[in-house]
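Engineer: All chains should be built: construct the whole structure from the sequences, respecting the hints.
Residue numbers (this note's numbering): 200 to 898.
Cut-off 20 Å, straight-line C-alpha distance, at most; resulting in silico cross-link-like pairs (DMTMM-like, lysine to aspartate or glutamate):
hint, residue 1, residue 2
1, K790, E835
2, K670, D632
3, K589, E572
4, K726, D700
Okay, the calculated beta carbon distance ranges per label pair:
hint, residue 1, residue 2, range
5, D662, I870, 31 to 41 Å
6, R338, K379, 52 to 62 Å
7, D577, P875, 51 to 61 Å
8, K379, H541, 35 to 45 Å
9, E505, K379, 26 to 36 Å
10, F650, A766, 49 to 59 Å
11, G724, E659, 50 to 60 Å
12, A789, R557, 34 to 44 Å
13, D545, R382, 47 to 57 Å
14, K618, A766, 17 to 27 Å
15, H541, D577, 14 to 24 Å
16, W866, F650, 26 to 36 Å
17, G724, G654, 54 to 64 Å
Hints were generated in silico from the structure; no laboratory data involved.
Virtual Cβ for every residue (Gly too), placed ideally from N, Cα, C.
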Amino acid sequence: MRSGFATHLWWQIPLLAVAYAIPGMAVLFEAPWQVAPGYYFYPPSGVGIGILCLFGLRLWPSVFFGAAMVTLATDGSPGYALATAIGNTLEAVVAYRIIQGRLDTTFRSVESIRTFLLALAAGALASSLVGATGLALTRPLASPELVRILWMWGVGHFLGSVLVGGAIIGMYGLQKTDAKALREAAAVLLVMAFVSTAVFANLPGQDASYPFHYLTYPVLIWAAMRLSPGWVMLANLLLAGTMLFWTSLGVGPISQGSLSLNLAYGATFALVAWVTSMVLAATVAERTSSEKTRLEREGNYEAVVEQALEGIFVLDREGICTDVNGAGGRLFERAPERIVGHPFTDLVPQESRADIQRILEARVTEETPHLVEWAYHDRKNPLWIEASIKQIDESRIQVFARNITRRRSLERQVAEAQKMEAVGLLAGGVAHDFNNLLTVVLGQAGRARGFVGSGDPAAECMDEVIAAARKSADLTKQLLTFARKHAGEPTTLDVNQVLEDRTAMIRQLLGERVRYSLSQDRTDGGKLWVLIDPVGLEQVILNLVINAKDAMDGGGELRIATRAVQAPNMGDAVEISVSDVGHGMSPKTAKRIFEPFFTTKGERNRTGLGLAVSYGIIKNAGGAIHCTSVPDRGTEFTILLPRSSAPAPVRTVVMPERANGKGQGEWILVIEDEAPVRELITLGLTEAGYNVVGAPDGE
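Structural biologist: Here's what the structure looks like:
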């Protein structure tokens with residue numbers, strides 16, 4: 200509360216001392232009063248406290264000299280003037296010390312009113328004790344007279360501090376007031392001046408015996424309800440000043456007995472009016488501030504709710520929606536006004552409404568939140584919703600709803616991948632063992648075939664065994680490829696070149712009734728390099744071509760296209776799309792096409808591994824394969840592979856060959872855990888001229 204005004208003490212102290220002394224002299228001189236009002240209302244007390252609160256403690260000398268000036272001018276005793284100066288200065292200092300750091304100068308709380316009154320009461324008590332003691336030391340006084348002086352001193356200084364000091368501090372603490380509020384404050388003060396003058400002045404034709412001072416109450420209530428507390432203090436000062444002025448002249452509605460009692464009554468009236476109106480003003484200010492804070496919080500809350508990605512719904516006990524945010528409307532593709540006032544279950548699919556209604560009814564009595572999910576399968580794109588339902592209070596339920604379609608899709612993909620991995624592990628384990636057995640069958644059958652002449656009937660049987668074993672080996676290889684246990688050596692190759700080289704074979708596979716078109720991305724020199732097993736890529740393309748041909752049994756068109764794209768989580772990628780105009784697939788079938796052994800074809804040679812193997816080959820190369828199909832319109836497979844850089848030139852080294860391909864007694868160590876396979880290899884190498892040592896492991 201200090202000001203830069205307190206930087207030049209040499210002229211401030213005298214100026215403020217005069218400002219302190221003038222009102223004191225005005226209320227203590229006998230004339231024109233019948234009884235000096237200063238005994239019951241001492242304005243300099245409020246001036247002194249206002250000086251210290253506004254300009255700082257170091258200006259206390261202005262209070263000291265001002266008080267001394269008043270006493271010397273009205274009493275003339277230097278000793279008494281010294282005591283009065285000390286007491287009044289102590290009054291201002293004590294009140295200032297209590298107020299400092301504790302008082303809200305806007306007086307917008309009842310607590311600030313209480314602190315202010317306690318500080319002023321302590322200051323008035325200190326002043327009256329010191330002043331009365333000084334008076335008793337300078338002149339003989341009887342005990343009853345001393346007690347009366349002590350009481351009047353304390354009351355007069357306290358009332359002066361409250362009315363004048365409060366007005367000074369309150370007006371200083373006023374926050375910025377707009378023009379409308381200033382006009383209303385001016386109106387209040389003008390009305391108060393008119394009403395208080397009409398009530399307390401001795402106007403022509405007025406009967407002073409009627410106590411109309413209650414007419415000032417509506418004006419104080421108006422000020423307390425509409426204006427800042429500082430203006431209420433100013434209105435109280437105007438009322439009290441007018442009332443005490445006319446009462447001191449012996450006129451007005453409270454001038455019914457002795458003037459001393461009239462002034463005491465008037466002082467009590469002024470104090471009660473001040474406390475009542477200020478408590479009302481502080482209470483209104485507190486509620487206004489609380490309401491403003493509440494509205495701001497509600498505004499912030501509404502902003503957060505409106506910006507939330509989740510749909511937020513508020514329901515009553517019957518499940519009727521009473522409020523919804525924008526996200527809730529967007530989630531269910533309805534305007535909020537079409538949701539509010541309707542049952543929440545109207546937003547839920549028919550098959551889930553009974554369950555949701557039962558949960559809503561349970562939430563009325565249970566406070567724990569409940570998570571529930573439901574799906575909309577009748578849309579073009581299925582929608583999954585997850586909702587958290589929780590009771591807010593006895594009459595309201597809150598529902599948080601969110602779109603979990605993507606999460607369910609990811610969960611389904613994870614489950615699918617786990618299933619594929621589990622099946623792959625099983626298939627790989629079986630295929631590995633079966634492959635070892637086939638190795639022995641093929642090896643021994645081949646040796647046996649060498650011992651049998653071409654005309655021998657057994658030769659034909661051995662050829663059938665070898666052919667069947669080779670077909671079984673091909674099937675086993677597909678199983679191992681699906682299980683990623685038989686991946687070929689990745690090679691950097693140009694997708695465009697691979698497709699061009701296989702054009703003739705693709706046309707031959709498709710036949711005459713199916714047209715074939717190839718569209719290639721020729722940017723960057725027409726090269727789309729990828730790192731993948733060449734045989735695996737060819738196998739994938741051929742599998743897709745065969746499936747497309749089967750889907751277009753009545754003829755149609757197969758389109759293969761390549762292009763460079765940017766793929767999520769992959770960056771630069773090469774896209775290969777294979778599309779047909781066949782009969783397409785249902786969504787249920789499309790979800791299962793990459794499962795091993797799943798097939799919709801009844802032909803004899805269909806194993807259901809083609810697409811499963813293709814899936815494994817693409818995944819093993821770090822890519823992805825997707826299928827889009829519409830019944831009776833066709834199917835499109837899209838392959839994404841990470842794009843690679845051009846391969847470095849390869850230097851070929853030619854190794855010398857043996858003249859006859861036979862060994863010359865060299866030693867070879869054969870390590871194989873399967874005994875039949877190890878024996879077969881050992882036997883073959885021995886027959887080829889090598890010395891062989893077999894072992895099941897490296898120990």
